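Enquirer: So the chains spell out like this:
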Amino acid sequence: MHLLEILNPVAPQRAMQSALQPNPRPKSLDGKTVGLVWSGTHGGDVALKTAGEELQKRFKNVRVNFYTGGNYPNPPHILKQAGEECDVVIGATAD
Amino acid sequence: MIEVEKMGKPAIPIVSGRFEGDAVASSRAFGMPDLKWVIVPRIYRNLAHDLCASQTVAAMDDIVKILTASGDTSSRKTGPEPTSVERFEGDDRWDAVLRMNQEFMKRDLGDGFLLHPPTKQAVAALLKGTRLAADTVVCDMPPGFGIATVEKIAVNAALAGAKPEHMPVIIAAVKALSKVGGHGGKSLLMSTSPNAPLLMVNGPIGKKVGLNPRSALGPGRDNEINIVIGRAFYLCLKNIGYWYPNQMDMDTIGTTRKFVMCVAENEAASPWDPYHVDQGFKPNESAVTVFVTDGELDVQDQGNTTGEGLLKNLAYGSTFGTRSIQDKGGGERLIFIPPDVAGPVGKTFTKKQAREFLHKHCYHSLGKLIQYMPLKGEARVAKNWKWLENLTEEQLLQITVPVVDGPESFYLAVVGADRAKTAVFPSGPSPATVGIDQYLP
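First to last, the sequence lines map onto chains A and B.
Each residue of the first sequence is one higher than the one before, counting from 1 in this note's numbering.
Each residue of the second sequence is one higher than the one before, counting from 1001 in this note's numbering.
No lab work stands behind these hints, which were simulated from the structure alone.
The structure presented is a predicted model; accordingly, all values stated were derived computationally and were not measured.
Errors might be hidden in some of the hints.
As the list claims (entries may be wrong) - Subject to a maximum C-alpha distance of 30 Å in a straight line, what follows is the list of computed DSBU-like cross-link-like pairs (lysine-lysine): (1) LYS60/A <-> LYS1179/B; (2) LYS1128/B <-> LYS1179/B; (3) LYS1065/B <-> LYS57/A; (4) LYS1006/B <-> LYS80/A; (5) LYS1006/B <-> LYS32/A; (6) LYS57/A <-> LYS1128/B; (7) LYS27/A <-> LYS57/A.
Unchecked claim - Chain A is nowhere near these chain B residues, computed Cβ spacing over 10 Å in every case: (8) PRO1033; (9) ASP1092; (10) ALA1125; (11) LYS1179; (12) THR1255; (13) LYS1282; (14) GLY1317; (15) ASP1327; (16) THR1350; (17) ILE1370; (18) TRP1387.
Quick reminder that beta carbons are idealized off the backbone N, C-alpha and C, glycines included.
Start from the sequences and build out the full structure, keeping to the hints where you can.
Expert: This is the structure we're talking about:
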């Protein structure tokens, strides 16, 4: 028998050294503002607008804000604006 | 969406089925492994609008669950963190090496070919090839931003069968990737298009380690070192940069250019300063440049003998592909010019003049170049191109434009053996060059 001992080639990832948990969710979307963040690619806008309309049917007084930076990935100022103005955010890269 | 979560707001992406692996890998790379998302079956981008809407409606229960407290709050099983040492038993050493290869193939840690065992002895020998300590962090390697210590680079170089004298080149190439425009080319590396790094070495180290500057991109004996260094870089990109297929490498079809190669510029046959001198290095210094290519075309020449004739053929042959009308600009062309083209061109053109000539003559129909991206329903069209939306297809076809934005978007290097066959690579974002000498023993 031969025992081969080798070193693992896989490196730890920087971001996992300070990993974060997702935020607590609201119990309901009644009265909430939903942000829809579009990367600008075909079909993603249709998907997001559909999601916004459906949420307005299912919950009371849902406001929908639509954002796009016109490109993928969305520029930081667009994400910041959506985060500041909305209670929850949905994104679609169309992939 | 992780950026929004970091602001304290719940956020979810809608992800198509094939991209779930990408979502898992990206959530780890960007520091929120338990991010939730909603899966829809098909990619929206080429889907009719009624189908975009209907598959979203079908996903609404999931969207509501994940956006509200009624959803799943469990942690995703991400697997154990990698151990530093692994052991494989076999009937003999060869059998143990084969078992290691079977296991690494199962975990997709290689390139599909037989891997050399990265034993402690092999890695220790490679570490003698650089002055840097084993625990030195060279960079966080894109696209997954694994921590590229010199030791991890050496482990992957050992897998590739590299030698100690290759280490300074490999380390510099890893560093260079992290400096490529746009977060180390993160978006391009993760793209569904076949973007692949290509390495080019300048300076005395190319000859010293045996890099082939002639027929430099093929298989076989003459390119042993070109292959080994390129392979070591690829394995670093995979196991340090997390560039795993169907996770952070999302190619639609893929490309053999992802078997990364490292060439040397054929400086002895060039009429111009070497590429790295254009980047501010001295001729007797060594440097490596990382380009990210998106294709490859042979532009043949069957009889032009003047610089102007050869360059016009090259300009016309470089008009293929698409042209961006986004804010990001019009793309780039990396051109490996063989000595039989560079020699005559160099008699009448400086490199700067050659780039200007190429830009002036590399024109094409705008309508053909932008057919890939219908203007309506597209938010990525830059403001200065919005006027195109009012034109007919016929009008768009009649407009001619330069294929790239300016002369600076042509990157010229002399590579190749005798014969006037030029290799043109659509490329981008901007390449990065890093000095090698700083990593010598």
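Enquirer: Are there hints from earlier that the structure breaks, and if so, what are their numbers?
Expert: 1, 6, 8, 9, 15
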